[in-house]
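Take the given structure of chain X and dock chain Y to it, following the hints.
For reference, the chains in residue letters:
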Amino acid sequence: MIRMQDVVKCYKLGGENIYALNHISFEIGDGEYVAITGPSGSGKSTLMNIIGCLDMADEGLYELAGQRIEKYSNRQLARLRSTHIGFIFQGFNLLSRLSALENVELPLLYQKMSRQLRRSRAQEALESVGLKDRMKHKPQQLSGGQQQRVAIARALAAKPKLILADEPTGNLDSKTGLELMTMFDQLNAQGNTIVLITHDLQIAAHAGRALHMVDGRIIDPGEEEAR
Amino acid sequence: MQSVQMAFKSILSSKMRSFLTMLGIIIGVLAIVVLVSIAQGTSASVTSQIEKLGTNLLTVNLQIRRNNPITLSRLDELAQVKGIAYVAPSLSSSGTVKAGLVQYEDGSLLATTPGMASIRNYTLEQGRFITAPDVDNRSFVAVIGQEVAKELFGSTHAVDETFTYLGYTFTVVGVLDPIGSSMLGSGDNLIILPFTLGERLFSRKGISSFYVSASSGDTVTQAETAIKGFMDDLLRKVSTSTTYSVYNQTSMLETLGATTATLTLMLGGIAAISLLVGGIGIMNIMLVSVSERTREIGIRKAIGASRANILSQFLVEALVVSLLGGLIGLGLSMALINLLSRLLNMSLLVSPAVAALAIGFSLVIGVVFGMYPANKASKLRPVDALRHE
Numbered sequence: 010m011i012r013m014q015d016v017v018k019c020y021k022l023g024g025e026n027i028y029a030l031n032h033i034s035f036e037i038g039d040g041e042y043v044a045i046t047g048p049s050g051s052g053k054s055t056l057m058n059i060i061g062c063l064d065m066a067d068e069g070l071y072e073l074a075g076q077r078i079e080k081y082s083n084r085q086l087a088r089l090r091s092t093h094i095g096f097i098f099q100g101f102n103l104l105s106r107l108s109a110l111e112n113v114e115l116p117l118l119y120q121k122m123s124r125q126l127r128r129s130r131a132q133e134a135l136e137s138v139g140l141k142d143r144m145k146h147k148p149q150q151l152s153g154g155q156q157q158r159v160a161i162a163r164a165l166a167a168k169p170k171l172i173l174a175d176e177p178t179g180n181l182d183s184k185t186g187l188e189l190m191t192m193f194d195q196l197n198a199q200g201n202t203i204v205l206i207t208h209d210l211q212i213a214a215h216a217g218r219a220l221h222m223v224d225g226r227i228i229d230p231g232e233e234e235a236r
Numbered sequence: 070m071q072s073v074q075m076a077f078k079s080i081l082s083s084k085m086r087s088f089l090t091m092l093g094i095i096i097g098v099l100a101i102v103v104l105v106s107i108a109q110g111t112s113a114s115v116t117s118q119i120e121k122l123g124t125n126l127l128t129v130n131l132q133i134r135r136n137n138p139i140t141l142s143r144l145d146e147l148a149q150v151k152g153i154a155y156v157a158p159s160l161s162s163s164g165t166v167k168a169g170l171v172q173y174e175d176g177s178l179l180a181t182t183p184g185m186a187s188i189r190n191y192t193l194e195q196g197r198f199i200t201a202p203d204v205d206n207r208s209f210v211a212v213i214g215q216e217v218a219k220e221l222f223g224s225t226h227a228v229d230e231t232f233t234y235l236g237y238t239f240t241v242v243g244v245l246d247p248i249g250s251s252m253l254g255s256g257d258n259l260i261i262l263p264f265t266l267g268e269r270l271f272s273r274k275g276i277s278s279f280y281v282s283a284s285s286g287d288t289v290t291q292a293e294t295a296i297k298g299f300m301d302d303l304l305r306k307v308s309t310s311t312t313y314s315v316y317n318q319t320s321m322l323e324t325l326g327a328t329t330a331t332l333t334l335m336l337g338g339i340a341a342i343s344l345l346v347g348g349i350g351i352m353n354i355m356l357v358s359v360s361e362r363t364r365e366i367g368i369r370k371a372i373g374a375s376r377a378n379i380l381s382q383f384l385v386e387a388l389v390v391s392l393l394g395g396l397i398g399l400g401l402s403m404a405l406i407n408l409l410s411r412l413l414n415m416s417l418l419v420s421p422a423v424a425a426l427a428i429g430f431s432l433v434i435g436v437v438f439g440m441y442p443a444n445k446a447s448k449l450r451p452v453d454a455l456r457h458e
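Chains X and Y, in that order, are what the protein sequence lines are.
Here our numbering is used: the first residue of the first sequence is 10, the next is one more, and so on.
Here our numbering is used: the first residue of the second sequence is 70, the next is one more, and so on.
Chain X on its own, in the form it takes in the complex (with noise of 0.2 angstroms):
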């Protein structure tokens, strides 16, 4: 699914280079569930917005789903977030004046789908979150899991091959962030490939595997105890 060779992201501050990411280089696999740790700072935001086609590396090779991406346009960008990614976000970001059921149909929406088949496959994703009842509410109406189920609801309506999800319980209770969590594990039982990026070891723990990262490498966990 994600194929990543020596990804070099680099910040000029104050007329010096920083590292965001240094010489990286990762597999994962269709199905797999990941999680990136790491320190803030250690650059798995930058990580996260170069595998979400939001941002582009400076060097190295980037593979999505079989497709290289260093050279696309920024129309296939984001034709390939539209298509292939699902983000959750930890802030949610839903758009506070559309009603849940908008919400979710939004990525469909650029997808140019139909009314009828937008309107249904909405309901669908709303429904799998257990959202039924909810679909008119505006976000403000709703509590932070629901409104995380809703942002779940819409990354999953466009059927993605990838769901990125960064810090998705940073803003819940620890109880709301446990059911969310359980919502992952079942996604990815059902063969979604997840990649979870939290700095929170409990949270990375559901995931099949973890990355470690500091500053901007990727490190394996022995050598980190090492440190």
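Just so you know, the hints here were simulated from the structure itself, not pulled from any lab data.
C-beta atoms are modelled at their ideal positions from N, C-alpha and C, and glycine is treated no differently.
Take the hints with a grain of salt, since some may be wrong.
[Claimed, not checked] Lysine-lysine pairs mimicking DSS-like chemistry, simulated, CA-CA at most 27 angstroms apart: (1) X:Lys147 to Y:Lys84; (2) Y:Lys84 to Y:Lys445; (3) X:Lys145 to Y:Lys84; (4) Y:Lys448 to X:Lys21; (5) X:Lys80 to Y:Lys448.
[Stated by the list, open to error] Beta-carbon label-pair distances, calculated as ranges: (6) X:Phe35 to Y:Met85: 36 to 42 angstroms; (7) X:Ser82 to Y:Met85: 36 to 42 angstroms; (8) Y:Ile349 to X:Cys19: 39 to 45 angstroms.
[Claimed, not checked] If you want the ones that stay clear, here's a sample from chain Y, every Cβ over 10 angstroms from chain X, calculated: (9) Ile107; (10) Lys151; (11) Pro247; (12) Gln318; (13) Ala327; (14) Thr328; (15) Leu345; (16) Thr363; (17) Ile368; (18) Met440.
Frame of chain X, contents of chain Y only:
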């Protein structure tokens, strides 16, 4: 279709702001439509007044002191020329007429020949017009306008009544249909006398002004040429310093048309400036909206919106605001024009062309001033937009 819905949603979500933004366009469109419609209405009413005088009409005036060669028989000759229908001299004066104890001071006396009735489209409510024998015999007869009849005799049934002017007694032989007022003054205060009598009473010898009607609108130019030839021929024999002028009603209409077109353009231009200001208002608000919704743009991009999607979203929003403003402005100006036409007793209309122009203009404003903010929004990088708080 979908983006129009989204645009409406976002406009409705901040009603006050959207309304204030629209207000600029509303006022701009209102100003354009109302000013241009009034200018057009005025021009149309003036034009119709002139047309009432007859577009085939030519007026000849000459400045001459002695040896005026223009006589009634010469005019009859002119009337025979091809392309000319009627020729009639005109001698005007003003004065007080009396019927018994009643005085009428606003009379406009016109001494002429029978042809004048056809030239000026005078129709009679009662009686007859001046005839050739009246002119030949210098009969003391008169044809009077509605106002004159009502003032002197209390009714328009005035045939066979008599009045005096300069001590002479005149018999009314005809009463004109109502004419109404025109640029050239009221037509209902006319007192028409036989030309020969007028010459004597007004102590003016010779014809210094006469009217010609071309046989049709197409022969006006031909008639004008004929008149000039005729005048040049006659005047060459007597003096070289005499000048004359031929006024052509059609060319007068054209001049007037050009003037009012300039006026309309000027008024429309001034109004267009306010529409432009409205457009800048739209741009301003759209820029604020883009920076307020940076995060929303980021979210939309993350879940698959392309640049084109974002561009069209903001552009459509600007367009909907300007078009809605334009339509409201058009509606208001139609109401205002309706009210004005009643108050001013003028037939004012919002012509379809003006309406289309106003709406088209507001659409153009929407595109032009919406483009920059929309482009700015669409160019945001998703990472940066998402990071925006």
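Status of each hint after checking the structure:
no.	hint	verdict
1	X:Lys147 to Y:Lys84	18 angstroms, holds
2	Y:Lys84 to Y:Lys445	24 angstroms, holds
3	X:Lys145 to Y:Lys84	22 angstroms, holds
4	Y:Lys448 to X:Lys21	22 angstroms, holds
5	X:Lys80 to Y:Lys448	18 angstroms, holds
6	X:Phe35 to Y:Met85: 36 to 42 angstroms	52 angstroms, violated
7	X:Ser82 to Y:Met85: 36 to 42 angstroms	40 angstroms, holds
8	Y:Ile349 to X:Cys19: 39 to 45 angstroms	41 angstroms, holds
9	Ile107	42 angstroms, holds
10	Lys151	74 angstroms, holds
11	Pro247	65 angstroms, holds
12	Gln318	64 angstroms, holds
13	Ala327	53 angstroms, holds
14	Thr328	53 angstroms, holds
15	Leu345	31 angstroms, holds
16	Thr363	12 angstroms, holds
17	Ile368	5 angstroms, violated
18	Met440	18 angstroms, holds
Hint check: violations occur at hints 6 and 17; the rest are consistent with the structure.
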